[in-house]
Structures are given as structure tokens and as C-alpha cells.
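Trainee: Sequences and hints are given; from them, build the entire structure.
The primary structure of each chain is shown beneath.
2 protein chains.
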Amino acid sequence: MSFSFALDASAHAHLHEQLYHVIRAAILAGKLRPGERLPSMRALALQLNVGRNTVANAFGALASEGYLKTRHGAAAVVTDDLPEEALRLRPSVAQAEVPVSASATASPEISRRGLALLGAPMPFVRGIRGFAFRLGTPALDAFPTTAWERILRRRWSCSSARLLGDVDRCGYAPLREAIADYLSVARGLPTHSDRVIIVAGAQQAFTIVAQLLLDPGDAVWVEDPGYSGSLCAILAAGGVPVPMPVDDRGARLDAALQRAPNARLAVVTPANQFPLGVTMSDALRRDLVAWAPRADAWILEDDYDGEFRYTGTPVPALASLSPERVVYAGTFSKVLSPSLRLGYLVVPDALVDAVAATKAIVANHTAIFEQAVVCDFITSGQFQRHVRRMRVLYGERRESREDAARAELGGVATLRPIQAGIHAILDIDGDADLLASRAATAGIHATPLSAFAVEGRPPDALVLGFAAVPPAEQRRALRALAGLPGAAGGAR
Amino acid sequence: MSFSFALDASAHAHLHEQLYHVIRAAILAGKLRPGERLPSMRALALQLNVGRNTVANAFGALASEGYLKTRHGAAAVVTDDLPEEALRLRPSVAQAEVPVSASATASPEISRRGLALLGAPMPFVRGIRGFAFRLGTPALDAFPTTAWERILRRRWSCSSARLLGDVDRCGYAPLREAIADYLSVARGLPTHSDRVIIVAGAQQAFTIVAQLLLDPGDAVWVEDPGYSGSLCAILAAGGVPVPMPVDDRGARLDAALQRAPNARLAVVTPANQFPLGVTMSDALRRDLVAWAPRADAWILEDDYDGEFRYTGTPVPALASLSPERVVYAGTFSKVLSPSLRLGYLVVPDALVDAVAATKAIVANHTAIFEQAVVCDFITSGQFQRHVRRMRVLYGERRESREDAARAELGGVATLRPIQAGIHAILDIDGDADLLASRAATAGIHATPLSAFAVEGRPPDALVLGFAAVPPAEQRRALRALAGLPGAAGGAR
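Which chain is which? The protein sequence lines are A and B, in order.
Positions 1 to 492 (the numbering used here) are the ones given, in order, by the first sequence.
Positions 1001 to 1492 (the numbering used here) are the ones given, in order, by the second sequence.
Wrong hints could be hidden among the right ones.
[What the hints assert, rightly or not] Calculated Cβ distances over 10 angstroms to all of chain B for the following chain A residues:
id, residue
1, GLY35
2, ALA45
3, ASN49
4, VAL50
5, ILE110
6, GLY165
7, PRO174
8, ALA283
9, ARG285
10, ALA360
11, HIS365
12, GLN382
13, ARG406
14, ARG457
[What the hints assert, rightly or not] Estimated spans, in silico, between C-beta atoms of each pair:
id, chain 1, residue 1, chain 2, residue 2, range
15, A, ASP296, B, GLY1130, 39 to 47 angstroms
16, A, GLY188, B, SER1184, 48 to 56 angstroms
17, B, THR1145, A, THR146, 19 to 27 angstroms
18, B, ALA1173, A, ARG416, 30 to 38 angstroms
[To be verified] These stretches of chain A come out as covered by chain B in the derived footprint (C-beta under 8 angstroms, 3 or more residues):
id, stretch
19, 140–146
20, 189–197
21, 224–233
22, 477–486
Simulated from the structure, these hints should not be mistaken for lab results.
Model, not experiment: these values are computed from the prediction.
Positions of the beta carbon are idealized from the N, C-alpha and C atoms, including for glycine.
Mentor: And the structure:
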């Protein structure tokens, strides 16, 4: 499935995507009900005055995402088991009319881009209390609360007056320096603090980079499967994703190179591919940084959990190979807490002021107190100690999870071993999407691998975060997962 | 001058803007040096194969912004006195080539949108230590540090574990409720907390609204002069600003209605027009909310300092007149501190989920601790007391400033009286832009009114923030301003 915004209404190639968004919006809005039949492809093609392939493409995409069931020779029907997030959307939001018509894309109230944003596959954390198996969540039970509070109090009493007035759009200067020092040691990325720009989390970083570097219609290489947060930022900027299939050496450039040699940007997770957990091979790393200057393109390195590696050699940041072509995005979400909303970009010299200007427009400066506290946490050495402690803890939780998986899941599902990071893939003998939505009902976060598919069709699997989950709770939650209908490939 | 992004390269009407951006970028990058002559309009028109008017329009815009000096019959030259922010940009950023050519707009490295973002008039705080007369800054010397610290510590010790895991993209639920209650009383805006969405400051709110509601090319009514932050968010989304000239009744709809009756959005500051400080008349308020449903348009109410009114009747939020058409943006920057980076949107029911989805793509959730602290600050009643105290304090600073202005400025400059807000207009008998850049050198923030011009040519004046400045410092800074060359309309 390919995503694109229909910003250019004259481009015939985009019609199937417009149609995809209209139908999806209608389903989300409840205007097309579960079980409802759609017109035949031929009838719809005639009605909309488009080719039958256009309709077939849109239907195919909707079916692959679980919105429609299509059967050869029969009319497509809206599926009974909508993804959970779909059910959260209110009828009043989507403006598409039923029966669908092409003119519905030019809704008078929400823009075409707005409709597309609504349909974009942005992940969000559902209202489930437990942490098993929420993605992107570190061990909050091991958060250094006491040390943190000490710093917080000292900071507040000694420098609140000065900090309250600090609105530097590039971030708190001492934190920028601390990050530059840290990256040199921890990620093999020597850099100057001038090139470090503090952002309110990685998602904001993606938005800034996409808005600055892309014009609508620009091709962007993305990993397939890949992180949907950066994908959504690209889509919002009008970028056209060109998938790089991921194999056991990492994201394969060759396919993308053939389809879009002159892409403007490549977005990669080289240290620990999200979600598959592959480390990009040296050869692919070299190929990628060699391609960028040839194509006059940029690379965005999303180094979301590069701190956590359990076996093998640590991999330095890709940006260290090509500091003038790679924009590096780091985050404190995985090493401290996502609720801090603190991350940073390390940008090529040529982009420093442009990124600062774009950040000002997207969001202005970044909240200051957490910046000062994180800064003290790093400069006092506590941050590095915390990272080391967490590496050990996650290594333990990784092992206990693998034991629990063997014990609880038997032949039903198989946990892939991991070398790095704080999530793992659980291969399912059954329908992963269905199981995921049943898990949500049972109070367990389970994200289907398909949620991160761009164009390819990944195997049935769940992506599970484990760092936040102590061993006993992991075991309980895995047992609950295994007991859900669908886990054994059985009853639906 | 009119701004627009040249997203649609086929639209001939946009060529002068492309040219404007290329030349501006070249000046910012130092590729066109101060004093350097440009080719004649005729030569450039021939070279680029465009009409002479296209070049004349671009030159006119650049001259009106102070980048070029044009004289009838002579070649245009790059001005000696560039705006200060221009000088901060590094040569390496802008990719435009000199001599300028149309193809430079398709720079291989930064997108056309990126170039336009670089040229956009986003204000930012310069590296000046003092607060005289920084815009948008409340009395940080009167910040309730003790009460704040007490809440911060209690919050941290009693609920840090739960808060660390809170990543609700709509914001901390109890804060949303507290804001809903507060707005009902303080801004005459009864609403449900479901419609309150927490954002990391007003600029992020503008970005979300613009990205959701606008497609490139959509007309947007904006106040002229008006706030450049919201203007930049509109430009970044590809919106085309249509100016509403501001007179003593507020932003005049009639001009915009004639030029773009079917705009998709109107952005207004009804309680205290920024920067002119006019309160929108009841008649204009009624006209505006009556127009929106007719045009199927939305209204964005930027209520940036609606809490502070010194004389006359308090004005309820415009959103109270039309809660289903007005998106209300509020901020804690002016009542607490801009470094908190905390604001909120109150959105029509029909947009709640769409705004939440867009927020997730733009920035994900918002940092949690300040949300919890502000929540306690409101629910304990301390927030409301702080606002009342500040209203008294700012009333006093307003009066002492007016006294100081009479004493220090004599006939050189005249301070316009204000009824609300935390800034004032100082009319200058001389070149306000020049004086502003000299003031910056002297360590005084002084923003020329022209920085907020969209199309009109405002009188020579400075926009001065005063809330953060105690009386003695106000007096000193005003005296320093009056002593600068240029203040008396004299020596340059």
C-alpha cells in the first residue's frame, strides 16, 4: 500500500489514494457500517469516471489494512473487526459523504490534507493502564526519582528566575553542550554543541525535518516495515514514501534506488531497525551515505534507542560517517521517560539556522526546566550510570521474557531473539491484527507488525515493548495473550 | 507585500514571490553583499523570461522590507542596514545562486517550502539579557516561585510514577478540566473538558490548526498588522494571507470579504488586537461569526493575553458566540512564563478528534509535569489570585511607563495609551526599523511595528513589552532609547 496526499488534484495517479482516504474516512465516521456492502468495483469506477484499477488499488489498500473484506467475484464489505483506534473516532469528524463520490475529497470543512492526516497511521497509546507491552516505554519503575527530585529542587531554588526567561529556540545552551559531549562518547558521534538543537521529542524533530526539506511530491525512502511516526510527518509534509524492504542486513537500498534514485530524503533506524530489530550492515551504511551526495539528498537517522545493545559490537551513529549529510535525531524518551517530551537533533552545519527557523515556526522554543534538569543529570554523570543500569536491567528482562515465552506460549507463538532495544517481535500462528485488538480488550498493549507496513505485507506478528514490564508481569501478560481466542490460529 | 509559497510552480502569479524569496535568501546568505547592485529590472526580466512587473513586484517587496534600496531610474542595491535577524543567518544556509536565476528556487538541497520558511517573518527573542522591552514576557520577577516549588515537590513525591507513564496526546485530563472551569469564569467561555486539548504553547497550536484546516493555496484572513507567529504557521501550511486592515474598531472584514469571500479561515485577536491593542467592536464580532458558516470557514481566536484588561468592560472570548465555528487558542506564556511552553486549544466538537490526530503527528503528546503543576496551581485557586495580582501590577507598570515616557521622550516619541495587555506602541518621529536595530545593539528589545505588517505600511513605531520591566528599569531603558541616533528623526 502506498500513501500520498492528493495535494495535486490534477495528477491522475493520485486518484486511488483519494478514494482510499474517502472510504476510510467514511468507515471511521461510521457512515459505512461494519458488514455494509460497497458498490462493485465496476459500478464505482463508472460512477466516479475513473479506471477500474484505481478502485481496485484503493480497495486493496483498505483490505490490507483490515477495513474491507474483499472476495473474488463478490462485493467488498466493511469488516466487522475494525482496528481499535478506528472506533475512537467520532462520526462528526470525517466529512466524506456516502455514497462516496470523488467530490467528497474537496470537503468544505476539513482540508484534503486534514482528511489525509486523519487517515494517517499515527500510533498512539491506548487507554490501557498496564505497561505490558506498550511500545517505546522504558522501565519507569526504575526511574531515578530521588536523584531527579534533588536536581529539580536545586535547579528551582538556584536558577528559576533566570530559567523562566530563557526562550532560546535552539534549546538550553548547557544542555546542548552536555549532549554533544555525551554523543561523542556514547554514540561515536563527535559534534559541536552549535549543531545540537533541542526539540520537544522525536516526533517534533521529524515534523521539523520533513517541513524543511520536503516539497509536496518529493520522494522519501522509508523502511518497510518502519516507524509510523516519522512516516506520518513525511506524509503531512506531502512527501511520497518509497519503501526500502528490510531484510537481515537492514533496509535494502536497491529497490528504492530503482524506483526513486533522486529521492530528497532517506529515513532510517540503522542501529536497531524499527520494528524488526536488525542492525544495518556496514556495506549498506556505506552505500547509503555514498548515495546521498550523489542524489543531493539528506538522510534522517532516527536513533531512538541506540543506547541499548546486549550482544555484538556497539554500532556508532550513522551520522558519524557523514556529518554533513545525516540529520541525527535522538530522544530522552527511551532512556528516561516519554512524558518528558525531550529530544534533540544534530544537524549538518549547512542546516543549523534553517532547522532553528523551522523549529520556531513549528513550535517556538522548548520548555526549559526539564532541559536544565536533564543537563545536570548528564553533567553529574548520573545519566550515564542510569543508562548502564538500564542496559543491565533490560538484558535481564529480555532473558526472563524469553524464558516466559518458551514456557507460556509453547507452539502458539514464537518470540524472535533480539540483540538491542526495548521491544521484540512475537510471531503468531493466526491473525495478528485480530489478536491485537482482542489483547487491547484484555488490557494488554499489543501492536500488530502490520501497523508498521508501508507497502509490503509483513507476517502475522506482534511488536511488544518489554522494558517497562517486570518479569512476573511479563509472564502473566504472555499467558493472557496465549489464552486469547485467535492466538492459536483458532476460533475467530 | 504579500507572502505565498510557490508550491505550485505552474502558477504564473507566484513567480514574483519565488523571485522575492531567492533574492532575500541570497542576501541573508551573504551572496549578495550590502551595497551590491542588482541587474536592472529589464535585464533580469529578460534573463528569467518573466514580465517586468514580476521583477518590479519582487523588488518592491524587498525594498519595503528593507533589503533593497530602489531609486527611480537607478539600479537596485542591497541595503547597508539589514534587519538584525538577517545578520544572524549564516552564509551556508541559503542555497540560492548568484546571479539569481529562476532555477535556483528548485534548489537541490533545501526545499522551496524550506526556503520560504527561512524567509518567513517569524519573530524570535534576540540574545539580549535585559527584559526591556521584550514582547510577550510577563513579570517573571513576580513569578510565584515559592508556591510553585511547593506544588512541584508534592507532585513529584506523590505521583511521579503515574505521571511518568502519562502520554495522553490530548493532555493531562485533570488539567483539561481545570482549564474548562477557568475559561467559563474568566473568559465567558463555557466548554467541556473533552474539547480542551493541551499543546506545547500557542505556536504549536497555530501549526496544528493550519496543518489541519488548510490546503496549499487556501485563502486565510489575517489582521494587518498582525501576529507574525500565526502568520508563519499559515504560510508553512501553504495558506495565502488576505489582510484585514485594523482600525479603531478592530480588523475590518470588508476588505477581506471583497478579496476572498470564501477564505477557509480567519485568524483574529479580538480581545486585544496584536499589536495595535484595539478591542474588536461588537458589530465586527457579530459580522465575523456570521460570515464563517456562510463561507463554510473556521475562525481561529488567538486569545494571547485576554486576562489583562485595565479599563472598560471585559470582553468575553469570541468563541463564546460561536463555539462550533471558532477554534480558541489560549496560553500560559503571558500569565505564568513563556518558558513553560504550555497552551491549549478549545475546539469545536466536530474537530476534536481531528485536532488530536494532527497534534499527534506534529508533536505527539505534551510534557506532563508542568501540566500537573499548572493543574494544581489552578485548582488550588492560586492561579486566579496570581492573575489578579498581575493585573494590578501591570496596571501600575503601565502608569509608571506612561509617566516615564512623558518625562524621558518629550516630543521625540509618543506612547499610545492602552486598555489591555502587556505591550504598547511607541510612535517614533524617525525610522523605526533603524532605531530598532540600534536599540538591539544597545541591549534593548525594540520590535518595529513594520515587523508585523502583512501588506499595509504601518507608521514608524516600536512595539514594546512592559510587563516584565520594573518602573526604574523602564525609565532607564526609555531614556536610552531616546538617546539613540535616529530616535529624534535625526542623524543616521
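Trainee: Evaluate each hint against the coordinates.
Mentor: Cross-check of the supplied hints:
1. Every Cβ of chain B is farther than 10 angstroms from the Cβ of GLY35 (chain A); the closest lies at roughly 23 angstroms, confirming the non-interface assignment.
2. Every CB of chain B is more than 10 angstroms from the CB of ALA45 (chain A) (nearest about 26 angstroms), matching its label as outside the interface.
3. Its beta-carbon lying about 22 angstroms from the closest one in chain B, ASN49 (chain A) satisfies the requirement of being farther than 10 angstroms from that chain.
4. In this structure VAL50 (chain A) is separated from chain B by more than 10 angstroms, as the shortest Cβ-Cβ distance comes to about 21 angstroms.
5. Its beta-carbon lying about 6 angstroms from the closest one in chain B, ILE110 (chain A) breaks the requirement of being farther than 10 angstroms from that chain.
6. Here GLY165 (chain A) does not stay apart from chain B, with its beta-carbon only about 5 angstroms from theirs, under the 10 angstroms limit.
7. The claim that PRO174 (chain A) lies off the interface holds: its Cβ sits roughly 15 angstroms from the closest Cβ of chain B, which is beyond the 10 angstroms cut-off.
8. Look at ALA283 (chain A): its CB is around 26 angstroms from the nearest CB on chain B, clear of 10 angstroms, so calling it non-interface holds up.
9. Every beta carbon of chain B lies more than 10 angstroms from that of ARG285 (chain A), the smallest distance being close to 22 angstroms; the non-interface claim holds.
10. Under the 10 angstroms C-beta cut-off, the non-interface status given to ALA360 (chain A) relative to chain B is violated; the minimum distance is some 5 angstroms.
11. Once the 10 angstroms rule is applied to beta carbons, HIS365 (chain A) is inconsistent with being away from chain B; the minimum gap is 7 angstroms.
12. Residue-level check passed: GLN382 (chain A) sits 16 angstroms from the nearest beta carbon of chain B, beyond 10 angstroms.
13. Consistency note on ARG406 (chain A): stated as away from chain B, and its beta-carbon is indeed over 10 angstroms from all of that chain's, at 29 angstroms minimum.
14. Remark: the non-interface label on ARG457 (chain A) is consistent with the geometry, its nearest Cβ contact in chain B lying 24 angstroms away (cut-off 10 angstroms).
15. In this structure, ASP296 (chain A) and GLY1130 (chain B) meet the distance hint of 39 to 47 angstroms, their C-beta atoms being roughly 44 angstroms apart.
16. Between GLY188 (chain A) and SER1184 (chain B), the C-beta spacing of about 55 angstroms keeps the proposed range 48 to 56 angstroms intact.
17. The given range of 19 to 27 angstroms is respected by THR1145 (chain B) and THR146 (chain A), whose C-beta atoms sit roughly 23 angstroms from each other.
18. The beta-carbon spacing between ALA1173 (chain B) and ARG416 (chain A), approximately 36 angstroms, falls within the hinted interval of 30 to 38 angstroms.
19. For the stretch 140–146 of chain A, the proposed coverage by chain B is satisfied: 4 residues have a C-beta within less than 8 angstroms of a C-beta in that chain, meeting the threshold of three.
20. With a cut-off of 8 angstroms between beta carbons, the stretch 189–197 of chain A has 0 residues touching chain B; three or more are needed, and the interface restraint is violated.
21. For the stretch 224–233 of chain A, the assignment as covered by chain B holds, since 3 residues bring a beta-carbon within under 8 angstroms of that chain's beta-carbons and 3 suffice.
22. With a cut-off of 8 angstroms between beta carbons, the stretch 477–486 of chain A has 0 residues touching chain B; three or more are needed, and the interface restraint is violated.
When the structure is compared with the earlier hints, violations turn up for hints 5, 6, 10, 11, 20 and 22 and for no others.
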